[in-house]
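Q: As a plain string of letters, each chain reads:
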Amino acid sequence: MNLALTLVIQGVVFFLVAWGVMIFFWPYLMGKIEERQKKIAEGLAAANRGQKDLDEAAARAKDILREARDKAAHMVEQAGKRSTEIIEEAKGTAVTEAQRLIAHAHEEVALERTRAREGLRHEVGRLAIAGASRLLEREIDERTHAQLLDKLSAEIARG
Amino acid sequence: MLFGLRVEEEASGGVTGYIKHHLTHLSVESGRGAFWSIHLDSILFTLVISSIFILVLALAARRATSGVPGKLQAAIELLLEFVDGMVKDTYRGTNKFIAPLAITIFCIVFLENFMDILPVDALPAAAKLFGVEHLRTVATADLNTTVGMALGVFLLIQWVGITHKGPRVFAGEWFTAPFHAHGTVMTVLLAPINFAFRIIEEVVRPLSLSMRLFGNMYAGELIFLLIACFTLDAALNHLSTYVLGVAQFFAGVVWTVFHYLIITLQAFIFMVLTIVYVGISAEKH
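Residue numbers (numbering that gives the first Met the number 0), protein chains in the order written: chain A, 0 to 158; chain B, 0 to 284.
Since the hints were derived computationally from the structure, they do not count as laboratory data. Keep in mind that a hint or two might mislead.
[What the hints assert, rightly or not] Computed spacing ranges between beta-carbons, pair by pair:
#, chain 1, residue 1, chain 2, residue 2, range
1, B, Gly165, A, Leu2, 30 to 36 Å
2, B, Gly214, A, Leu15, 37 to 43 Å
3, B, Phe194, A, Lys38, 50 to 56 Å
4, B, Ile116, A, Ala45, 46 to 52 Å
5, B, Asp120, A, Glu41, 54 to 60 Å
6, B, Thr64, A, Leu15, 27 to 33 Å
7, A, Leu15, B, Val131, 22 to 28 Å
8, B, Gly165, A, Glu41, 37 to 43 Å
[As the list claims (entries may be wrong)] Under 7 Å between C-beta atoms, here's a sample of chain B residues computed to sit facing chain A:
#, residue
9, Gly16
10, Trp35
11, His38
12, Ser41
13, Thr45
14, Ala63
15, Met148
[As the list claims (entries may be wrong)] Coverage of chain B stretches by chain A, computed from C-beta distances (three or more under 8 Å per stretch; other residues unrestricted):
#, region
16, 69-79
17, 98-107
Ideal Cβ placement from N, Cα and C applies to all residues, glycine included.
Please put together the full structure from these sequences, using the hints given.
A: See the structure below:
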């Protein structure tokens with residue numbers, strides 16, 4: 000068990016190996032590790048970004064949905080209001096029209112009645128004159144007795 | 000001669016012979032004197048293990064992708080990031096050599112330690128078929144390996160100290176720390192004491208690094224050898240063979256399991272202490 004030349008050789012071999020590791024392997028493998036770490040970091044960042052985008056999109060979708068719901072509700076409400084309005088309006092128009100028609104009919108009736116009464120008065124007047132002339136056996140001058148006749152027919156019409 | 004464990008002559012059988020045989024290195028003498036002997040087995044296994052380590056790294060690097068990593072790449076990256084994190088926590092300098100050195104220390108020391116888990120007789124017996132008489136498979140159970148690494152770490156510590164603080168501050172620290180003095184007289188008085196302390200501090204680091212690893216691996220190897228001795232020279236017609244065989248099996252299992260813990264821990268300790276020493280050296284007192 001001597002300390003001999005062997006130790007020099009062993010030391011040299013050993014440090015040569017370590018030197019070789021430093022030159023050839025360490026930077027290369029470490030580079031790969033660091034590259035992967037960077038990739039992983041980037042991937043994680045991208046995932047975070049994606050998650051954030053997704054959250055934002057979800058929030059935006061929710062907003063849009065709520066807006067649409069509000070709009071729809073508003074539209075339904077408007078439509079309801081409008082339909083009520085239309086019904087009311089139609090009702091009003093119908094009532095006015097009916098009243099107009101009724102009034103018109105009333106007028107017509109009154110006119111008819113007046114006309115009939117006039118006719119009747121004339122008829123009665125004529126009959127009265129005919130009757131009277133027959134009674135008097137002579138022709139009554141319509142002109143001279145017009146005043147009398149009118150008075151008479153008016154009395155008839157009143158009665 | 001260290002520890003008086005050098006085996007000069009081939010022992011003649013028995014437990015002593017077996018263990019002595021196993022503790023003898025395959026070595027060649029490259030010159031006159033003990034220093035010039037080279038332990039071929041330690042160097043061979045270090046080279047083979049280093050090649051395996053580099054091969055695996057190369058394989059991982061060749062297929063490496065910054066996308067979804069394969070299993071090998073993931074495993075290596077796990078180790079890499081662990082060591083890198085540890086180095087970054089401890090050492091605040093810019094020396095690019097520290098982290099690769101740390102991972103090399105851990106992997107190579109672990110793999111060399113791992114040779115201890117293989118059956119103690121397997122590789123030496125295989126080597127014998129090719130006419131190789133002695134073969135020690137655990138390079139870290141050779142003091143030369145651990146001292147070689149620890150001396151390298153020692154030099155690195157000095158280098159980091161010089162480059163991080165500048166030669167002036169670095170040299171000054173040898174005489175002004177750990178005892179800080181005010182005034183010229185006290186500074187001069189304390190300088191030799193500080194210098195002595197610094198010498199001890201600097202010597203103790205590589206010494207403890209190398210001795211700890213070597214001691215653990217050497218002891219572990221020795222215990223495997225002792226367990227193997229249970230059925231040394233056993234014969235099928237002896238009852239003791241069967242009793243000791245079972246005992247050997249269980250002892251082997253227990254020690255192997257325990258040794259897994261030790262080899263990992265020792266590799267880890269060597270790496271962590273290297274990082275810590277470098278980290279301390281980079282900081283100003």
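Q: The structure should be examined with respect to each hint, and the outcome stated for every one.
A: Results for each hint:
| no. | hint | verdict |
| --- | --- | --- |
| 1 | B/Gly165 x A/Leu2: 30 to 36 Å | 33 Å, holds |
| 2 | B/Gly214 x A/Leu15: 37 to 43 Å | 26 Å, violated |
| 3 | B/Phe194 x A/Lys38: 50 to 56 Å | 54 Å, holds |
| 4 | B/Ile116 x A/Ala45: 46 to 52 Å | 47 Å, holds |
| 5 | B/Asp120 x A/Glu41: 54 to 60 Å | 56 Å, holds |
| 6 | B/Thr64 x A/Leu15: 27 to 33 Å | 28 Å, holds |
| 7 | A/Leu15 x B/Val131: 22 to 28 Å | 26 Å, holds |
| 8 | B/Gly165 x A/Glu41: 37 to 43 Å | 42 Å, holds |
| 9 | Gly16 | 18 Å, violated |
| 10 | Trp35 | 6 Å, holds |
| 11 | His38 | 4 Å, holds |
| 12 | Ser41 | 6 Å, holds |
| 13 | Thr45 | 5 Å, holds |
| 14 | Ala63 | 5 Å, holds |
| 15 | Met148 | 5 Å, holds |
| 16 | 69-79 | holds (count 4) |
| 17 | 98-107 | holds (count 7) |
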